[in-house]
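There are 2 protein chains.
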Amino acid sequence: MKTSILPVSEPANVHAATAQPLLAVGSVAFDTIRTPHGVAERVLGGAATYFALAARFFTPVRIVAVVGEDFLPSHENLLASRGIDLAGLQRRPGKSFFWAGEYESNPDRRHTHATELNVFADFQPQIPRDYRDSRYLFLGNIDPALQCAVRRELPDAACIGGDTMNYWIASQPERVREFLRGLHLLMINDSEAVELTGEWNLPSAARAIQALGPAHVIIKRGAHGATLYSPGGCCAVPSFPLEQVLDPTGAGDSFAGGVMGFLAGHNRRDEAGLRQALAYGSVMGSFTCERFGVERLLELTREQIEARYRQFLAITQFHPVP
Amino acid sequence: MKTSILPVSEPANVHAATAQPLLAVGSVAFDTIRTPHGVAERVLGGAATYFALAARFFTPVRIVAVVGEDFLPSHENLLASRGIDLAGLQRRPGKSFFWAGEYESNPDRRHTHATELNVFADFQPQIPRDYRDSRYLFLGNIDPALQCAVRRELPDAACIGGDTMNYWIASQPERVREFLRGLHLLMINDSEAVELTGEWNLPSAARAIQALGPAHVIIKRGAHGATLYSPGGCCAVPSFPLEQVLDPTGAGDSFAGGVMGFLAGHNRRDEAGLRQALAYGSVMGSFTCERFGVERLLELTREQIEARYRQFLAITQFHPVP
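So the sequence lines, in the order shown, correspond to chains A and G.
Residue numbers for the first sequence follow this note's numbering, so the first one is 12 and each next one is one higher.
Residue numbers for the second sequence follow this note's numbering, so the first one is 12 and each next one is one higher.
Hints listed in this document are in silico derivations from the structure and should not be mistaken for laboratory results.
Some hints could be false.
Stretch by stretch, here's where chain A covers chain G in the computed footprint (C-beta under 8 Å, at least three residues) [unchecked claim]: (1) 212-220; (2) 235-245; (3) 251-264; (4) 283-296; (5) 323-331.
If the Cβ cut is set under 8 Å, some of the chain A residues that face chain G in the computed set are [said to hold, decoys possible]: (6) R232; (7) T238; (8) Q287; (9) L324.
Simulated restraints on C-beta separations [said to hold, decoys possible]: (10) E52(A) <-> Y178(G): 37 to 45 Å; (11) A219(A) <-> A98(G): 48 to 56 Å; (12) R313(A) <-> A156(G): 51 to 59 Å.
None of these values were measured; they are calculated from a predicted model.
Backbone N, C-alpha and C fix where the C-beta goes; we use that ideal spot for every residue, glycine too.
This is chain A alone, in the form it adopts within the complex (with noise of 0.2 Å):
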């Protein structure tokens, strides 16, 4: 199978009142995805990627990544015909960010074939001038000295979230530590929150990274779920059942791209806020897993995303409603 991503005419982003332009700095790539639905070979993916095209539904979105001469125009009229502002998008010679990988029956096997850094590894995040009122900001999953230096960067950002994996917890131990402790909001995987203190236990395990700097803490599960750990308390969300997963890739980064583009559109941080992003970011999440890389965000409409927080909300419920 080859996907076709071509880009579409596509109403402007009708955004509310409230929304704050949201920053997100991180990696766009190209992927190549075998899955037992099919191959899409060398599709645009990234963290960067999902996250824009997930929260541009909710706010206007920045993104600061890096890309080679493989980027073709085709590839940024995708996401500037999405609303995405690419003034943050450094162009250097040479081939972009490269990921090759394979998924079992069982989607939470992943193999990965090939990880080709290319200009990626020499990435220098930029800051344009004109992003620096940008409030709410998105650290996307790099390396974590680079994060420190973005972070500093916009000491006024009302709201930062950020992600990070295991290659920097196990290299890099001290600068994740001093990138947690610039952060409002960690969105991480369960394996990677485990490896990060220690502890086992999830609730556990939160309480240990909250104690590190992040007041919140979002531990991701995949097709399981994701809980939301506060300094109250916490919100566990189930996954929204999907008949089928085509293609897992990027629903992670979709889940934080709904869940930040849903705080800075509505301009919240506060806990109510944060539990309905965390649904938003479950709904964007299983948008992304039905079709192989970013074709259903490329497609999807708010009214669809409408639509499924709403039966979200109704298979979620278990007590009779008065």
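Go by the hints and put chain G onto chain A.
The following block gives chain G in isolation, referenced to the frame of chain A:
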């Protein structure tokens, strides 16, 4: 660590006026359990024990099971003092079913060290005449031929729940299918649902099981929660977050006891009743994990159950209450 399970004087169970008797067929056993938190040697266990000790908070419970000479008057008193009807408990020469196992720090990883069927190997359920009016029936995880035989003896049961396991699915697939045809509600682990249907996707596996008989299927996902699939849709709940899981043995059976107990106690079989039962099942399973063996169930109160149900409601609520 040696667990001490002493009979405790206990106030009589207070059930709703709607409460219907619930008959459970299954195993009563002794378990030696090792977890990173300690060891419990030859403590009272078995699926029917956990089931009954959870269900008895909601409705009168009767059990049909078999025990050996190591089942002492103190064990009998422990169950009888909690209002569990033991007229269907057969005593046989020899030893009771014995299981020994160990959990890793990740409680999903369980290793079985010993499974000695003993008197359970020749178990022939006999339904006392007084039990034949049981409107609610739970066919615990035993030989599916025996499950079918019991089911035939209670043709008027209004609601029949059941469980099975990989051993029977592999060795007696036809009998398991016959068993499924007679069920209203199957409660099954995720891995067993996959094995039974060949479907990795759990919503698809649930639909495939529904096509075999039971209108309702609950897929249990251990620490990841549980989902109820009904003809009209589904309801997903996370597990109740626990900061310490001392021993997960029996959590799934306590879950089933909470589900069937709630249904029988309120004489419900409708979708809304099943959803609420799903939440009570999760609550009961969570209590069991807090101590070794049945210890936590023995000292539990109905007030604690209601308090945790309200907590569960609070932590699963993501949409602002108007």
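Against the structure, the hints come out as follows:
{"no.": "1", "hint": "212-220", "verdict": "holds (count 5)"}
{"no.": "2", "hint": "235-245", "verdict": "holds (count 5)"}
{"no.": "3", "hint": "251-264", "verdict": "holds (count 5)"}
{"no.": "4", "hint": "283-296", "verdict": "holds (count 5)"}
{"no.": "5", "hint": "323-331", "verdict": "holds (count 8)"}
{"no.": "6", "hint": "R232", "verdict": "holds (7 Å)"}
{"no.": "7", "hint": "T238", "verdict": "holds (7 Å)"}
{"no.": "8", "hint": "Q287", "verdict": "holds (6 Å)"}
{"no.": "9", "hint": "L324", "verdict": "holds (5 Å)"}
{"no.": "10", "hint": "E52(A) <-> Y178(G): 37 to 45 Å", "verdict": "holds (43 Å)"}
{"no.": "11", "hint": "A219(A) <-> A98(G): 48 to 56 Å", "verdict": "holds (51 Å)"}
{"no.": "12", "hint": "R313(A) <-> A156(G): 51 to 59 Å", "verdict": "holds (55 Å)"}
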